[in-house]
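Enquirer: Protein chains in written order, with my numbering: chain A, 1 to 338; chain B, 1 to 382.
One or more hints might be untrue.
Unchecked claim - Simulated pairs of lysine to aspartate or glutamate, DMTMM-like, Cα-Cα distance not exceeding 25 Å:
(1) A:Lys173 - B:Asp361
(2) A:Lys64 - B:Asp173
(3) B:Lys143 - A:Glu286
(4) A:Lys195 - A:Glu26
(5) A:Lys138 - A:Asp318
(6) B:Lys233 - A:Asp318
(7) A:Lys173 - A:Glu26
(8) A:Lys258 - B:Asp361
What the hints assert, rightly or not - Over 12 Å on every C-beta distance to chain A, these chain B residues come out as not near it, computed from the model:
(9) Glu43
(10) Arg131
(11) Ser148
(12) Leu219
(13) Asn282
(14) Gly317
(15) Arg342
(16) Val358
(17) Arg374
In short, the hints are calculated from the structure, not lab data.
The C-beta atom is built at its ideal place from N, Cα and C for all residues, glycine as well.
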Amino acid sequence: MIATQERQDMPAAEPRTINLITAVTEALHEEMERDSRVVLFGQDVGARGGVFMATAGLQATFGKDRVFDTPLSEASIVGAAVGMAVRGLRPVAEIQFADYMGPGFDQIISQAAKMRYRSGGQYTAPLVIRTPSGGGVKGGHHHSQSPESYYTHTPGLKVVMPSTPYDAKGLLKAAIRGEDPVIFFEPKRLYRASKGEVPGHDYIVRIGEAVIRREGTDLSLIGYGGVMPDLERAADALAAEGVSVEVIDLRSLVPWDKELVVASVQKTGRAVLVSEAPRISNFMGEVAYSIQAAAFDSLLAPVGQVAGFDTPYPYVQDKVYLPGPNRITAACVQALNY
Amino acid sequence: MTTSPPVESLATAGIQPFTAEPIRYVGEDGLPVQPLPAAYTPERLRELHAVMLRAREFDRKLITLLRQGRTTFYAQSSGMEATQVGLAHSVRPGHDWVWPYYRDHTLALALGVPMFELISQCLGSNSDPSRGRQMPHHFAARKQNFVSISSSIANQVPPATGTAMAQKYLGTDEITVCTFGDGATSEGDWHAGMNMAGAMAAPCLFVCENNQWAISTNLRGQTASENIHIKAKAYGMPGFYVDGNDIVAVMEVCTHAAGWVRAGNGPALVECLTYRVGSHSNADADAEKNYRTREEVQEWLGRDPVVRVEKLLEHLGHPIESEERAAMIAAVHREVDEQVIRAEATGQPDWRIMFEDVYSDMPAHLREEAAMMRAEQEGGSR
Ligand SMILES: Cc1ncc(C[n+]2csc(CCOP(=O)(O)OP(=O)(O)O)c2C)c(N)n1
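Could you build the full structure based on these sequences and the hints that come with them?
Expert: Here it is as structure tokens:
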């Protein structure tokens, strides 16, 4: 029998600058080292290291019992993760693209999300499903969609989307150590584009806490995932015009940090919400509702929203579809001039 | 994870996979059609009979509860007792794991899930271990490793494979048992889970309780496949075909198949050919009028698994006398009545349970919603 135990000590080292996908790999590596219950599987994750190489080298390190390829079946991958978690492992399943979670959808919403609730806490399913999502890589609609709202709509799931290496590593570790099923979206266009420092020591980023990327007083610009660099660019452009923008990265969608967002809008009086998912039933609709319900008296303008269009994700118009800095800036200007 | 050895290498001790006819030990007349293994002494057969009769009468009483409006949903297993009780004997309760489907209360009873828990769940009372969160007849019993049931057909198949994979990873000697109806074998999840189990050589025993109807769709309308068990071939596992109304045959075949799985050979599929005598559920009261013939039902009533054991015992010179049988039935009815009273006395869970167990700890938005609910409750309900 394989001893299943956790290792607490992680050797301390100097902080390093890495990219987002390396942060994912490091988180997986360290968690597998720490806890032998953590197993990793999906399509091509073993020798190949995953389509984006997020699991590169892990099979060589941890062996084929802990890092393995599965048949081409998302229903099996997600379903098996549920069954493993119920039996006491900490499965981390990879779905090659968020667009391909469809065949596993029912396993996610009917099994993973409901296990604790429907059994009265007799059974739990602490699993993590990692999947690259979002556009900007010329992938057409089956490699570019942002389906997070389907999952935020399901009680019982935690839904996370980091935009920096620090958050990716810390949030993934928290997801693996937590007791709940987590859908972990990785903004694929930031895999290599997003670089940043991570500590040399072990750390987690708690699920449910947003972060203020830059402080400001005139407007709260709120987003998550792949759009975050564009929020920063828009904030730069507005700063050049003398506008002070507060940039917030939600990082977690369920649960999400309403307190931080509301406090920010109470301070600035204006909010613009940005995501690249289609607008109708977009998760940001929930954020907008909460802002007007909790900070109506502070609002100096209607809450602005920049989203993807309500079309299937287009191949050729990839960059046009996404809410870039121009569209974000324009929405901010509209709120400022209201 | 390695793949399983070729199915052809299966050592079968007289029980062959992929037979054209269902494997049978006892005929419809109660006479053995082949020598019974020594373990089936009259005492043993009487014990099995008692478990089957208990489940049969549980069905009858629960339908009464339904008519009285004390529960809202019930899926009978009358006619399927030999399949579920027979299967239970290849499971080590609390050691092996079971991913059941919603028609499995006879299996639950046979595995030792207390009747009190089953009734509590059907009533959604405070004593329901699932805390009144599931529709009736969707049990979960931790002590027996009887995992929580989803209403989604075939949804349990990929997770069962995962539990078996975990058992293999952990190096335990447990196996997983996964049950489903014939209709379930049309779902993508079924094929996905079976295929994965084969590819991963997962120690999972799949059992099809083929009662020949999926609500109003019969087996011929469900699949053009000759039968269900031959599908196992495609997934690289042995498929066994058994008379699901013959308790001896089900026990022998399931034990054999479970042994194959336990020995590390990978998964196996058993198809138990049986019949649900009653309606699909209370939502389908007029089965005979609407979609199946009286003749068909009569024919299957003649194959009643409980009666078959009674005939066998008579043949063996140990008949169950009619007063004895009546006393057994009366005892079950009393037992159900007592458990219903006990369960109802625990009351119903209050609104708070609605917000608990969604997550391991209650996030802010649920605390907010719970506070709203509390205010509404304390302000006097409308
Ligand atoms: C995914 C899904 N589709 C439809 C249903 C509605 N439904 C409930 S039971 C049932 C028939 C199932 O038949 P079978 O698998 O043969 O099991 P049986 O009830 O006959 O034992 C159907 C269609 C469901 N529960 N889940």
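Enquirer: Checking one constraint from the list: CA of Lys138 of chain A to CA of Asp318 of chain A, max 25 Å. Satisfied?
Expert: 6 Å, holds
Enquirer: Under the criterion that the straight-line Cα-Cα distance not exceed 25 Å, is the pair Lys173 of chain A, Glu26 of chain A satisfied?
Expert: Holds - the C-alpha atoms of Glu26 of chain A and Lys173 of chain A are around 10 Å apart, at most 25 Å.
Enquirer: Beyond 12 Å on every Cβ pair: is that true for Gly317 of chain B relative to chain A?
Expert: Non-interface label stands for Gly317 of chain B: nearest chain A Cβ at 46 Å, farther than 12 Å.
Enquirer: May I ask you to check that Val358 of chain B keeps its beta-carbon over 12 Å from the closest beta-carbon of chain A?
Expert: Violated: least Cβ distance 5 Å, not greater than 12 Å.
Enquirer: Mind checking the alpha carbons of Lys233 of chain B and Asp318 of chain A for me, to see if they're no more than 25 Å apart?
Expert: With Cα atoms ~45 Å apart, Lys233 of chain B and Asp318 of chain A exceed 25 Å; violated.
Enquirer: Against the 25 Å threshold, does the CA-CA distance of Lys173 of chain A and Asp361 of chain B hold or violate the hint?
Expert: 18 Å, holds
Enquirer: Leu219 of chain B: least C-beta distance to chain A exceeds 12 Å?
Expert: 24 Å, holds
Enquirer: Does Asn282 of chain B clear chain A by more than 12 Å, comparing its Cβ with all Cβ atoms of that chain?
Expert: 21 Å, holds
Enquirer: Run the C-beta distances from Arg342 of chain B to all of chain A and say if the shortest one exceeds 12 Å.
Expert: Consistent with the label, Arg342 of chain B stays out of reach of chain A, its closest Cβ about 18 Å off (over 12 Å).
Enquirer: Could you grab the alpha-carbon distance between Lys143 of chain B and Glu286 of chain A and see if it respects the 25 Å cut-off?
Expert: With Cα atoms ~41 Å apart, Lys143 of chain B and Glu286 of chain A exceed 25 Å; violated.
Enquirer: Arg374 of chain B clear of chain A by more than 12 Å, beta carbon to beta carbon?
Expert: 19 Å, holds
Enquirer: Does the claim that Glu43 of chain B lies off the interface hold, with its Cβ farther than 12 Å from every Cβ of chain A?
Expert: Answer for Glu43 of chain B: holds, closest chain A Cβ roughly 35 Å.
Checked against the numbered hints above, the structure violates hints 3, 6, 10, 11, 16; every other hint is satisfied.
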